[in-house]
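Student: One letter stands for each residue in the lines below.
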Amino acid sequence: MQQTNKLSPFFENLNFERHDNAMVINFGPQHPSAHGQLRLVLELAGEEVVKALPDIGYLHRGIEKMAENMTYNEFLPTTDRLDYIASTANNYAYALAVERLIGVEVPRRAKVIRTMLLEVNRIISHLFFVATHALDVGAMSVFLYAFREREFAMDLMEDYCGARLTHSAVRIGGVPLDLPRDWITNLDKFCDKLLHELEHTYEALLTENRIWKMRLENVGVLTPENALSWGCTGVMLRGSGICYDIRKEEPYELYGELDFDIPVSTTNDSYGRYRLYMEEMKESVKILRQLIGMYDSTEPQLMAHAPQYISAPKEEIMTQNYSLMQHFVLVTQGMRPPVGEVYAPTESPKGELGFYIKSEGEPYAYRLKCRAPSFYHTGLLQEILVGTYLADVVTIIGSTNIVFGEVDR
Amino acid sequence: MRKYTPKDSVQKKAYYTDRFWVAPKVPTSSVATDESFSATLESVSKVVEVKESYIQLSQMVLKIDAKDNIKTLQALKDDGYDMCSELSATDYLARDGEFEIFYQMLSVSKAKRVRVLCRIKPTEAIESTVPLFKSANFAEREMYDMFGIYVNNHPYLKRLIMPDDWSGHPLLKTYPLQGDETASWYEVDKIFGKEYRDVIGPENRDPAKIDRYDTKRFSRVGYEVGFGTDISQGESETKIEYSTTILVDYNKSQKQLKERK
Numbered sequence: 001m002q003q004t005n006k007l008s009p010f011f012e013n014l015n016f017e018r019h020d021n022a023m024v025i026n027f028g029p030q031h032p033s034a035h036g037q038l039r040l041v042l043e044l045a046g047e048e049v050v051k052a053l054p055d056i057g058y059l060h061r062g063i064e065k066m067a068e069n070m071t072y073n074e075f076l077p078t079t080d081r082l083d084y085i086a087s088t089a090n091n092y093a094y095a096l097a098v099e100r101l102i103g104v105e106v107p108r109r110a111k112v113i114r115t116m117l118l119e120v121n122r123i124i125s126h127l128f129f130v131a132t133h134a135l136d137v138g139a140m141s142v143f144l145y146a147f148r149e150r151e152f153a154m155d156l157m158e159d160y161c162g163a164r165l166t167h168s169a170v171r172i173g174g175v176p177l178d179l180p181r182d183w184i185t186n187l188d189k190f191c192d193k194l195l196h197e198l199e200h201t202y203e204a205l206l207t208e209n210r211i212w213k214m215r216l217e218n219v220g221v222l223t224p225e226n227a228l229s230w231g232c233t234g235v236m237l238r239g240s241g242i243c244y245d246i247r248k249e250e251p252y253e254l255y256g257e258l259d260f261d262i263p264v265s266t267t268n269d270s271y272g273r274y275r276l277y278m279e280e281m282k283e284s285v286k287i288l289r290q291l292i293g294m295y296d297s298t299e300p301q302l303m304a305h306a307p308q309y310i311s312a313p314k315e316e317i318m319t320q321n322y323s324l325m326q327h328f329v330l331v332t333q334g335m336r337p338p339v340g341e342v343y344a345p346t347e348s349p350k351g352e353l354g355f356y357i358k359s360e361g362e363p364y365a366y367r368l369k370c371r372a373p374s375f376y377h378t379g380l381l382q383e384i385l386v387g388t389y390l391a392d393v394v395t396i397i398g399s400t401n402i403v404f405g406e407v408d409r
Numbered sequence: 410m411r412k413y414t415p416k417d418s419v420q421k422k423a424y425y426t427d428r429f430w431v432a433p434k435v436p437t438s439s440v441a442t443d444e445s446f447s448a449t450l451e452s453v454s455k456v457v458e459v460k461e462s463y464i465q466l467s468q469m470v471l472k473i474d475a476k477d478n479i480k481t482l483q484a485l486k487d488d489g490y491d492m493c494s495e496l497s498a499t500d501y502l503a504r505d506g507e508f509e510i511f512y513q514m515l516s517v518s519k520a521k522r523v524r525v526l527c528r529i530k531p532t533e534a535i536e537s538t539v540p541l542f543k544s545a546n547f548a549e550r551e552m553y554d555m556f557g558i559y560v561n562n563h564p565y566l567k568r569l570i571m572p573d574d575w576s577g578h579p580l581l582k583t584y585p586l587q588g589d590e591t592a593s594w595y596e597v598d599k600i601f602g603k604e605y606r607d608v609i610g611p612e613n614r615d616p617a618k619i620d621r622y623d624t625k626r627f628s629r630v631g632y633e634v635g636f637g638t639d640i641s642q643g644e645s646e647t648k649i650e651y652s653t654t655i656l657v658d659y660n661k662s663q664k665q666l667k668e669r670k
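If you read the sequences in order, they're chains A and B. Going by the numbering used here, 91 is the number at position 91 of the first sequence; the sequence numbering is gapless. In the numbering used here, each residue's number is its place in the second sequence (first place is 1) plus 409.
Because the hints were derived from the structure by calculation, they are not lab data. One or more of the hints may lead you astray.
To be verified - The calculated BS3-like cross-link candidates involving lysine-lysine, where the alpha carbons are at most 30 Å apart (straight line), are:
| hint | chain 1 | residue 1 | chain 2 | residue 2 |
| --- | --- | --- | --- | --- |
| 1 | B | K519 | A | K248 |
| 2 | A | K358 | B | K625 |
| 3 | A | K358 | B | K648 |
| 4 | B | K603 | A | K358 |
| 5 | A | K314 | B | K422 |
| 6 | B | K486 | A | K51 |
| 7 | B | K582 | A | K286 |
| 8 | A | K282 | A | K189 |
| 9 | B | K412 | B | K460 |
| 10 | B | K582 | A | K248 |
| 11 | B | K582 | A | K358 |
| 12 | B | K476 | A | K358 |
| 13 | B | K519 | A | K358 |
| 14 | A | K248 | A | K193 |
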């Protein structure tokens, strides 16, 4: 509580004015480079950060609590609001966890479409990273160019599911729709465009740029031991020289059949991580090209056949009495997965996104824990920021690529 | 008679239950079916007593005593499980009077995952695993915040997501989804003080709410009155004058209008 008899400025129990040479800075929660609602309390000695305390929770909506009060299908659109930069990755991670729990096999065409959507979302998220990271560091034009290409990718998502940000494009047991006409052609065009722009715009503007290199090289150095200990995943882990990609090591969907490489950087710094994001986009294009070839040879079935858990296709519901009954029960009561627990890890654009679901055989999850990569990357800030300069703080926050929808949940 | 609602769990319940329905179980297999897991189990059982172990959905589950959590995680870490990717609790207070704490471990070299489960009573505290895995720093703070489970020897055990002066722990089954009474008055109490609860009144969460007698924000067509007028005793009908100039007469066809021009 505020104490009016004190004259020095303070907030809660922090005194910002000190009698020694140290200064305490309140960075955020409304700082434009705080990537949402991050509040950092930085203790400075001159320009150097002596202590950093990340304070989160400004975007807390109680999504895990909501999951305990919603049926499994009701909760799916809520997952859009976790990592809102790449919603399909969240939808998919949740759907995968439930599918493993109820033990259904998704039809192949749905798998192809899902993998395509996941990779398009990865590109959207990585373009967003390059854009905002460059903007944070001071390269404004990259932001404008990257958002232009991101717009095309979001148009693809809009063509598929009608939404640009909160997609809900994946269902438990498959996908709701087949690809629209010309989608594949547009995707192919987008791949060409992206590769061209990657090489001629972003990399030409940034990779060998002297200022960019000076701002990023040897900034935010994360040793492999620290990366493991702090639970870093995704690019943060691969940027520290540890080659671990869940798509390769614990394959899900079609990743086991696809041919792609996992770029790894051993420089441990922000520049290495930036290079990884660029390389990953190229790998995503490679994956998308292979998936385009796979699509035509698949059967048209889109949703898994498991009448106990998943509604039948619309035609069957409209024509067959028993399917209609099942559908009615599933909509009004919700599916009741078997008793047990599951933790399904997926490689989201930010890192390891996994859902831990504990089912007691009820239509509501007994406990749902969302393992969000950004949450652990935010925790890491309290160590990685110490000893760096104030000007590098923004670079490091940008480099961790955190999104507050999934930090606070 | 009023419907009975159990106090120990205020979460949503299925409205239809078949009492003869037995829920199926997710299949489990013995640890011996996997070489890597059985080797891990062997090295862990040398250090601590493993109460139960099985493989569920290709991940090994170890149930241990809560006091052995550090020893178990250390043994797992020595065995190659070098990342604690997730850690939290589940509220079983209503059924068993206990919390279940899980540690989700990952071995980067083997690409295998192990889940360690232990149970503690609400009066007990668990030992912090921060000395082994720094990722537990935030995760244990979140667990404390959400469940009120105390963690011994944590470097900075403070609420992480909820405000410091929050009362209650949101993920407990006894905590309602909409928040408890303190939650609904949190801002009012903090900014104005408790005595202002009556002045300010309860929060209206209905965005479509229309107050018939509020003339500051609402008006009625045909009954326009001055801003803030008290209409609780009724209001007089106002004659509205509509524009008489016809721009487009939809009663006549456009062709006729063209002819007139």
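Student: For each hint, tell me whether it holds in the structure or not.
Tutor: Hints versus structure:
1. For the suggested pair K519/B and K248/A, the alpha carbons sit about 13 Å apart, so the restraint of at most 30 Å is met.
2. Of the pairs offered as hints, the one joining K358/A and K625/B is violated, with about 50 Å between alpha carbons and a cut-off of 30 Å exceeded.
3. Proximity of K358/A to K648/B is assessed by CA-CA distance (about 64 Å); at most 30 Å being required, the pair is judged violated.
4. For a cut-off of 30 Å, the pair hint linking K603/B to K358/A is broken: about 39 Å separates their Cα positions.
5. Of the supplied pair hints, the one linking K314/A and K422/B holds, its CA atoms being roughly 29 Å apart against a limit of 30 Å.
6. Simply put, K486/B and K51/A have alpha-carbon atoms about 29 Å apart, close enough for the 30 Å limit, and the pair holds.
7. Restraint check: the Cα-Cα separation between K582/B and K286/A comes to about 47 Å, which exceeds 30 Å; the hinted pair is violated.
8. A threshold of 30 Å between alpha carbons decides the hint, and for K282/A with K189/A the separation of about 14 Å falls inside it, so the pair holds.
9. Only pairs whose Cα atoms come within 30 Å are accepted, and K412/B paired with K460/B is rejected, the gap being roughly 41 Å.
10. With a CA separation close to 38 Å, the supplied pair K582/B and K248/A exceeds the 30 Å bound.
11. Only pairs whose Cα atoms come within 30 Å are accepted, and K582/B paired with K358/A is accepted, the gap being roughly 14 Å.
12. For the hint pairing K476/B with K358/A, the CA-to-CA distance comes to about 23 Å; that is within 30 Å, so the pair holds.
13. Distance restraint check for K519/B and K358/A: the Cα-Cα separation of roughly 25 Å lies within the 30 Å cut-off, and the hinted pair is therefore satisfied.
14. Taking the CA atoms of K248/A and K193/A, the gap is near 27 Å; set against the 30 Å cutoff, the hint holds.
Hints 2, 3, 4, 7, 9, 10 from the earlier list are contradicted by this structure; the remaining hints agree with it.
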